[in-house]
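Engineer: Below are the chains, spelled out letter by letter.
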Amino acid sequence: MILLVMSHSNGHLSKASYELAAVAERLEQDGPRTALVVGNGAGQAASEAARIADRVLVADEPELAHYDPEVWSAVVAQVARETHAHTILVSATRNGREYSPRVAVKLDAPLLEDVVSIHCDGGSLVATRYCFLTRVTETIESTSPVTVVTIKPGAFPVATAAEQSGEQAAVEVVVPQPRLKVVHKASEATDRVPLGEADIVVAGGRGLGTPQGFTELIGGLADQLGAAVAATRAVVDAGWRPYAEQVGQTGKTVQPKAYIAVGISGAVQHLSGMNRSKVIVAINTDPEAPIFNVADYGIVGDVQKIVPAMIQELRR
Amino acid sequence: MRILTLIRQVLDAQEGVHIAANQIDRTGRKLVMDTMDEYGVEEALRLRERGAQAEIIAVAVGPAGVEEALRSALAMGADRAIHVEADVELDAIALSSVVAQIARSEGAELILCGGQQSDWDSQALGAATAERLNWPQATWTRTLELSGSSLSGKHDTEYGVESFEVQLPAVITTQQGLNEPRYPTLPNIMKAKRKQIRKDSLEQYGVQPKLRRKGVVVQTTQRLRKIFDGKDALTAAAQLVNSLRNEAGVIQ
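Chain order of the listed sequences is A and B.
Quick note: the first sequence uses the working numbering, first residue 1, plus one each step.
Quick note: the second sequence uses the working numbering, first residue 1001, plus one each step.
Just so you know, these hints were derived from the structure itself, not from any lab.
Virtual Cβ for every residue (Gly too), placed ideally from N, Cα, C.
Mixed in with the good hints there might be a few duds.
[Said to hold, decoys possible] On the chain B side, residues computed to face chain A include the following (Cβ under 10 Å):
hint	residue
1	T1143
2	V1217
3	R1223
4	V1241
[As the list claims (entries may be wrong)] Here are the simulated lysine-lysine pairs, BS3-like style, with alpha carbons at most 30 Å apart:
hint	chain 1	residue 1	chain 2	residue 2
5	B	K1231	A	K305
6	A	K106	B	K1214
7	B	K1030	B	K1193
8	A	K257	B	K1226
9	A	K15	B	K1030
10	B	K1154	A	K181
Using the sequences and the hints given, assemble the complete structure.
Structural biologist: In structure tokens:
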């Protein structure tokens, strides 16, 4: 049985959860699919999960209101054991990648991490994933009876929700006391489409000059395109933008349909966060900037002039 | 107390990737301590410089050449090193078992490790090690303070920066921005040559890889590289928007 661990926020399943259902479909066309929803007041997310799974197990407790790696790994491992799951699918979000190694250790299972394709080959699971700062694709195999797999968001299509709902059942879980005390909870408020789910990403670097320039130009172009906003490490470190928007080795890895890099030179650490995008667009004053080596389209010119011209052109 | 700082030796980020014998070729390439791990060594040194009584032990698992990366850690200021010689490549889950065994036998209370390894692009080693030891973890730290047996700091999460507190023993994963790693001075490089590197064999730990690597392919996406001259901003913008709309079909 495949266990799908659903991720959700603000009461709704994330897009990545629908992608897990599509992965399960590929692995076992007719196999029963069990989804697990962990949280507090997660009724709506559980109902949504029931449209993409035959059975939804709901661990809904006040102690599960906030994510914690030890708590999440304990709950997921307990349910995986009790349901005799042979494959545990988790979305490779920052949180998913943080707690899934603990699940693998608890279950004495291999971890196929951040995979972009996966199939069954006889009794084994064969997956591909990116490595070497996203410049290489490797093929890895698990022959173990139980395997934990994290799925890179955006790498698979989303499953369509069925008309009929699967059954829902509450599960009793043992919730350990979290030992990491979070003093200040980060907020997740953004009006724009989430970075990991966007078809188009507009990203800005230090070449924008000022935080105001960034907000005006990158925000303006993103709003015109219905795109998400991303930033380089340098911009985040300078305090211009929040960490949640950071793309690169130490931030998020994205692969949208179009990635528009504005005023970004293209350090290898940044490229590793976006070099698998379908179409890459670069706008930069420096024709020698490495970003142009990976660009499909680009303009060599002053971003202060080019971006307003693009916004104007898109409005026509 | 004892601090373990985990070291991995990887290809320098500026090196191109090439394949030989179905794996990434390391022969003749510039190999360095993973920069993510350098932040861990540096942070251990800074915790001590700010008053913690600590012995700092650099730990690495890998082929003979890995000793060089350990020497770099010793030259930065680590007290001694443990090199588990292994020619098989262990995945993060398997490697965490070796690290946990060393942490137990050394009585370590703090383990520092890079947030993501630049060869595997894996984020699993810190968390897996913490689980084996039944320790808490804080990943992707930006700042770190030690007061008695209590660690506090800021770290990056899914949605932003959070402040945290955790009691030792704990695993902390490090990243760029936590500190600026020091360059070893010549006297310290000389001193490092006399520091002890204990050699263990992987067999002592009874650890096997948990998964099999079947092959690697270097990404060869051909990019169009259609670059317009932006001297006339309006014309260039019109050309680009037209290409994105009608050629690439990525915008409405």
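Engineer: Which hint numbers does the structure go against, in order from smallest to largest?
Structural biologist: Violated: hints 1, 9.
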